[in-house]
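J.: Quick mapping for you: the protein sequence lines, in order, are chains A and B. Using our numbering, the letters of the first sequence map in sequence onto residues 12 to 100. Using our numbering, the letters of the second sequence map in sequence onto residues 27 to 220.
Worth double-checking, as some hints may not be accurate.
[What the hints assert, rightly or not] To give a feel for the contact side, a few chain B residues facing chain A, derived at Cβ under 8 Å: (1) Ile39; (2) Leu121; (3) Thr125.
[What the hints assert, rightly or not] Dumping the calculated SDA-like pairs for lysine to any residue here, alpha-carbon to alpha-carbon at most 20 Å: (4) B:Lys34 - A:Asn29; (5) B:Lys112 - A:Met53; (6) B:Lys112 - A:Pro28; (7) B:Lys34 - A:Ala36; (8) B:Lys112 - A:Glu55; (9) A:Lys16 - A:Ala97; (10) B:Lys34 - A:Gln35; (11) A:Lys16 - A:Val46; (12) A:Lys16 - A:Ile88; (13) B:Lys107 - A:Pro28; (14) B:Lys107 - A:His26; (15) B:Lys112 - A:Gln27; (16) B:Lys112 - A:Ser79; (17) B:Lys112 - A:Thr57; (18) B:Lys112 - A:Glu58; (19) B:Lys34 - A:Met81; (20) B:Lys112 - A:Asp54; (21) B:Lys107 - B:Leu136; (22) B:Lys34 - A:Leu31; (23) B:Lys112 - B:Gly127.
Derived by calculation from the structure, the hints in this document are not laboratory data. Glycine is no exception: its CB is placed at the ideal position from the N, C-alpha and C atoms.
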Amino acid sequence: MVSVKRIVLDVLKPHQPNALVFSQAIAEVGIDYHVCLTVLEMDENTETLQIEVQGSAIDFDAVQSTISSMGGSLHSIDVVEVVNEAETG
Amino acid sequence: MALLQQAKFLLSITRTHDIVRRYFVVNGFDGALTMLGLIIGFLISASTDLTIIINACLGAAIALGMSGVSSAYISEVAERKRALGKLEQAMATDLQDSTHGVAARWVPLLIALVNGSAPLIISLLILMPIWLVNAGIPIPISPLYAAVLIALGLIFFLGVFLGRIAGISWLRSGLQTLLIAVITVTLIYLFVGH
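With these hints in hand, go ahead and build the complete structure from the sequences.
T.: Encoded structure:
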């Protein structure tokens with residue numbers, strides 16, 4: 012089974028909700044998600060973020076949908092780490 | 027509880043906590059002073075039936091509540107639409123389905139409810155002793171004087187609330203708002219009392 016283990020996203024978002032609430036909302040998408048958010052740039056109304064998400068099987072659509080629901084806009088997928096794991100049982 | 031959390035979240039992303047607080051105090055103060063003025067007017071007048079006093083005050087309280095709801099809703103809808111449009115322009119994307127879109131639709135309603143309920147609730151509290159006596163429940167002092175005391179107490183507490191927000195002496199702030207109420211009562215006695 013092919014699983015996405017790590018993604019790095021370039022995202023533009025309004026100042027609110029703040030980085031803490033934003034990253035918490037993404038982390039809530041998956042039970043073992045580890046989110047690292049870095050604010051790269053900030054202007055009057057928006058901020059550009061680099062969001063790194065790690066997990067055993069990242070649901071990209073759910074992550075993207077959470078970003079959109081919080082008012083963010085996904086600009087690019089900068090890094091993807093995918094693993095093909097042998098199914099057991 | 028989840029609804030309260032959601033309301034807090036929507037107020038926080040639109041940064042309208044302080045607007046809600048301001049509306050609560052401003053319109054609550056409006057309600058308290060209006061009721062105080064009406065009751066002082068009735069005190070000065072020849073003895074009036076308590077039912078007439080309740081009806082007149084309740085009419086004013088409902089009108090204040092409706093005025094608060096409608097005026098805040100109309101102005102906040104315009105403000106939120108403008109803010110959302112500005113944000114959509116900056117983001118170069120449609121935010122109608124995001125939390126910002128939800129906030130633009132719900133926050134005006136929340137603010138309107140606070141703006142309308144503040145004078146209504148405060149007015150109802152002030153009318154309480156008149157209601158009790160009219161319902162046959164005795165209280166130790168005249169119901170109109172009791173209503174005036176409650177109005178003065180609530181006005182003092184609104185001042186205390188403002189003092190706490192500003193981080194200044196709550197006693198001084200409370201006494202300041204109380205002074206406004208005393209000046210109002212004096213003016214009513216001066217102009218209507220003769």
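J.: Does Thr125 of chain B meet its interface restraint, that is, does its C-beta lie within less than 8 Å of any C-beta in chain A?
T.: holds, 6 Å
J.: Are Lys16 of chain A and Ala97 of chain A close enough, with their CA atoms no more than 20 Å apart?
T.: holds, 15 Å
J.: Given the hint that Lys107 of chain B pairs with His26 of chain A, test it: the Cα-Cα distance must not exceed 20 Å.
T.: At roughly 17 Å apart (the allowed maximum being 20 Å), His26 of chain A and Lys107 of chain B satisfy the hint.
J.: Given the hint that Lys112 of chain B pairs with Gly127 of chain B, does the C-alpha gap stay at or below 20 Å?
T.: holds, 12 Å
J.: Quickly compare the C-alpha distance for Lys112 of chain B and Met53 of chain A to 20 Å and report which way the hint goes.
T.: Holds, at roughly 16 Å.
J.: Using 8 Å as the Cβ threshold, decide whether Leu121 of chain B counts as touching chain A.
T.: Holds, because the Cβ-Cβ distance from Leu121 of chain B to chain A comes to roughly 5 Å (cut-off 8 Å).
J.: For the pair we were handed, Lys112 of chain B and Glu55 of chain A, check the Cα-Cα distance against 20 Å.
T.: holds, 11 Å
J.: Could you grab the alpha-carbon distance between Lys34 of chain B and Leu31 of chain A and see if it respects the 20 Å cut-off?
T.: Judged against 20 Å, a Cα distance of about 16 Å means the pair holds.
J.: CA of Lys34 of chain B to CA of Asn29 of chain A, is that 20 Å or under?
T.: holds, 14 Å
J.: When you check the alpha-carbon spacing of Lys34 of chain B and Met81 of chain A, does it fall within 20 Å?
T.: holds, 15 Å
J.: Is the hinted pair Lys112 of chain B and Thr57 of chain A satisfied, with a Cα-Cα distance of at most 20 Å?
T.: Holds, at roughly 11 Å.
J.: For the pair we were handed, Lys34 of chain B and Ala36 of chain A, check the Cα-Cα distance against 20 Å.
T.: The hint holds at about 16 Å.
This entry satisfies every hint, going by the numbered hints stated previously.
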